[in-house]
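S.K.: One letter stands for each residue in the lines below.
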Amino acid sequence: MFQKMLENVRKNCPLIHNITNYVTVNDCANVVLACGASPIMADDKEEVAEITTICAGLNLNIGTLNGRTIEAMLIAGKRANELNHPVVLDPVGAGASKLRTETALKLLKEVRVSVIRGNISEIKTLALGSTTTKGVDADVADKVTEENLDEMLAFAKTFAKKTGAIIAITGAIDIVADDEKAYCIRNGHPMMSSVTGTGCQLSAMTAAFITANPTQMLEATAAAVCMMGYAGEIAYHRLGEMDGNATYRNYVIDVIYKMTPDNLEKGAKYEVR
Amino acid sequence: MFQKMLENVRKNCPLIHNITNYVTVNDCANVVLACGASPIMADDKEEVAEITTICAGLNLNIGTLNGRTIEAMLIAGKRANELNHPVVLDPVGAGASKLRTETALKLLKEVRVSVIRGNISEIKTLALGSTTTKGVDADVADKVTEENLDEMLAFAKTFAKKTGAIIAITGAIDIVADDEKAYCIRNGHPMMSSVTGTGCQLSAMTAAFITANPTQMLEATAAAVCMMGYAGEIAYHRLGEMDGNATYRNYVIDVIYKMTPDNLEKGAKYEVR
Amino acid sequence: MFQKMLENVRKNCPLIHNITNYVTVNDCANVVLACGASPIMADDKEEVAEITTICAGLNLNIGTLNGRTIEAMLIAGKRANELNHPVVLDPVGAGASKLRTETALKLLKEVRVSVIRGNISEIKTLALGSTTTKGVDADVADKVTEENLDEMLAFAKTFAKKTGAIIAITGAIDIVADDEKAYCIRNGHPMMSSVTGTGCQLSAMTAAFITANPTQMLEATAAAVCMMGYAGEIAYHRLGEMDGNATYRNYVIDVIYKMTPDNLEKGAKYEVR
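Chains as they are written, first to last, in the working numbering: chain A, 50 to 322; chain B, 50 to 322; chain C, 50 to 322.
Rather than coming from a laboratory, the hints here were simulated on the basis of the structure. Remember, it's a predicted structure, so these values are computed and weren't measured experimentally. Please note that a few of the clues may not be correct.
Copies of the same chain look alike in the list, so a pair counts if it fits in one copy or across any two.
Computed list of lysine-lysine pairs in BS3-like fashion (alpha-carbon distance at most 30 Å, straight line) [to be verified]:
{"id": "1", "residue 1": "Lys-192", "residue 2": "Lys-60"}
{"id": "2", "residue 1": "Lys-94", "residue 2": "Lys-53"}
{"id": "3", "residue 1": "Lys-94", "residue 2": "Lys-147"}
{"id": "4", "residue 1": "Lys-318", "residue 2": "Lys-94"}
{"id": "5", "residue 1": "Lys-307", "residue 2": "Lys-53"}
{"id": "6", "residue 1": "Lys-155", "residue 2": "Lys-318"}
{"id": "7", "residue 1": "Lys-210", "residue 2": "Lys-318"}
{"id": "8", "residue 1": "Lys-155", "residue 2": "Lys-315"}
{"id": "9", "residue 1": "Lys-60", "residue 2": "Lys-155"}
{"id": "10", "residue 1": "Lys-155", "residue 2": "Lys-210"}
My request is simple: use the sequences and hints to build the entire structure.
M.R.: See the structure below:
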């Protein structure tokens, strides 16, 4: 089934509007291209409504936010809602500062979001109002493990119900849930956390997947999460003795570029709960 | 002849002031270094006039523009004009929003531009006032083909005459024209469109080429366009079975770094019409 | 001894707040991860005090500065001082514009800086009030050579005494000095100057090193400088015939990721004067 999700991205080549941080923006653009979609980045309030209009999906990422871009995100989000375009929210660093937490909550309040994609600390911040945080990385105390998985799945479904959004929590075990159904995904490799922005990349790619598969957004989100993680696995096995995180960064994107729908189908490791 | 153009870049190592989008800025800097010039990026109105002054050429790229950077582009452009420094304008996404279209037109009105480098949709927007657009990519309907090439060459020459600038339209077939003479360039590889910012990179490199060859700007622009496309060809042939767009991105820049004037001369595929 | 410095980075994994330019920010993040620390980038005045608070060290880089980020740097710097967090200042392009020179001087006046890391032209600008400059690169006239080394060491120590900061001047020969003791470092490779931002990367890595080694900041800074230079040497020897500056960029970061404390100890080429 994930096969079909990727096929639709490649076939429809959706244009995705990204308002995203300047740290990982280049990788986000190249990942969107790698999976078969087209990116455009624009963050000024004077143009974002128009840019959202010519696009088919929207990715809002609050890393390196500022007053100017926050306003642009709200305008773009509302315009996407008017047009019924899917919207991904990546609450990078929610919990690390009031500005990030409040901006993410404001976006959730004023914009109908299709998918919220973050690490467990970020999602807990939004769902529970407070949490521990370690900057833009998840706190170890929050980690999703086999032991607390049932609890975490219930948490994700409850938050999905509350927000009306699909909740994608990524980490060693990934969870993709709506209010009724959850995918537990076991793709990925620990080395992915040594590359900046693999989460941002996934959010951008998720926007491409749900835009190309508007009637199956839960499955499309799960497919994107599997694809990112599986790419991390394949790329890891390609590394030579002297390769570190910079080469790994490139290889992950390369794998996404070369991934066939069949490969994705075979490599996806998930169960539905 | 293109040989000489590259030799002059390497010999003079011109310092190029870039006001450019944050998506592809790192690649622009590395490409400018790869071809033998030096980049500096600065976009605040308080400093751009000074930065332009210590540089020898200016590259204005309107991707991810905003009120602050638009003002900086105007100041830098006017200062470059005072100093008789060559100016490249890359109207990224002109046609995709009023802000981009109007900013590009304002820059053309208030700044004497040496080269306008864009895809066909962007150039048509500036020349004809309206067009179709697909975000930052050219619309298929606009495509330069063998069938419409004569018409497109005439279009480019007319727009060159109107603006006083060299017009560089890049795509499957590239056109570099002033009001009298046009180069049709058939270097390049389709995979270049799967890397974000190859157009931005070319604009930055073009600024280096025309700055190092001030008396032969048409030829220098054509040389830069050939060099980018030829690098795309060589880089493509270097790709292994598992390499995708991320590795390709690096290889293109690598080829530019290693390109000798002789190689460029031999690899350039063009005719003058 | 440098062995221990790197071990402490890997063991403590300090979280480093970076306010840095958008040209090289992605490489800065990946280098911080490569050496074993964690980066967070945030530059809005509304959140920088909080972000600095959850971090353990601060890296201020004035490349592509603007009014908004200058204010943020001052707030973050003062907050870091209150918390006794180490602060690195990278005065990118000081001397190239009044805004850069004055911002660097203002930061030095209002913030207690632990390390100033720049090229010789930038450091001379701050120490002597004026200098020649070639954009963001050092001017040849300023170059540290075997002939003027004693004089340069004295200059660095004097400036260290004046500012209370460790002075790290990088170039063909690197100098790392406090008011009493100086390391002359002969690691590095000329090709590093063909990659944009190796200086920025070093500043970010230096912040990680001094944060993880708060009682030995001089040695920690020297260790970071050796590590960057030695990585440049190893990466250079890994280059194949077709590899240029883009692959080199990746290889340098890869080497940092793979560097063991033992390797660093063995490869560091320095004398104390």
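S.K.: Decide, hint by hint, whether the structure agrees.
M.R.: Results of checking the hints against the structure:
| no. | hint | verdict |
| --- | --- | --- |
| 1 | Lys-192 <-> Lys-60 | between (37 Å within a copy, 20 Å between copies) |
| 2 | Lys-94 <-> Lys-53 | neither (36 Å within a copy, 45 Å between copies) |
| 3 | Lys-94 <-> Lys-147 | both (22 Å within a copy, 12 Å between copies) |
| 4 | Lys-318 <-> Lys-94 | neither (41 Å within a copy, 43 Å between copies) |
| 5 | Lys-307 <-> Lys-53 | within (16 Å within a copy, 39 Å between copies) |
| 6 | Lys-155 <-> Lys-318 | neither (34 Å within a copy, 53 Å between copies) |
| 7 | Lys-210 <-> Lys-318 | within (25 Å within a copy, 59 Å between copies) |
| 8 | Lys-155 <-> Lys-315 | neither (39 Å within a copy, 53 Å between copies) |
| 9 | Lys-60 <-> Lys-155 | neither (34 Å within a copy, 38 Å between copies) |
| 10 | Lys-155 <-> Lys-210 | within (18 Å within a copy, 49 Å between copies) |
Hints 2, 4, 6, 8 and 9, counting from the list given before, are not met by this structure.
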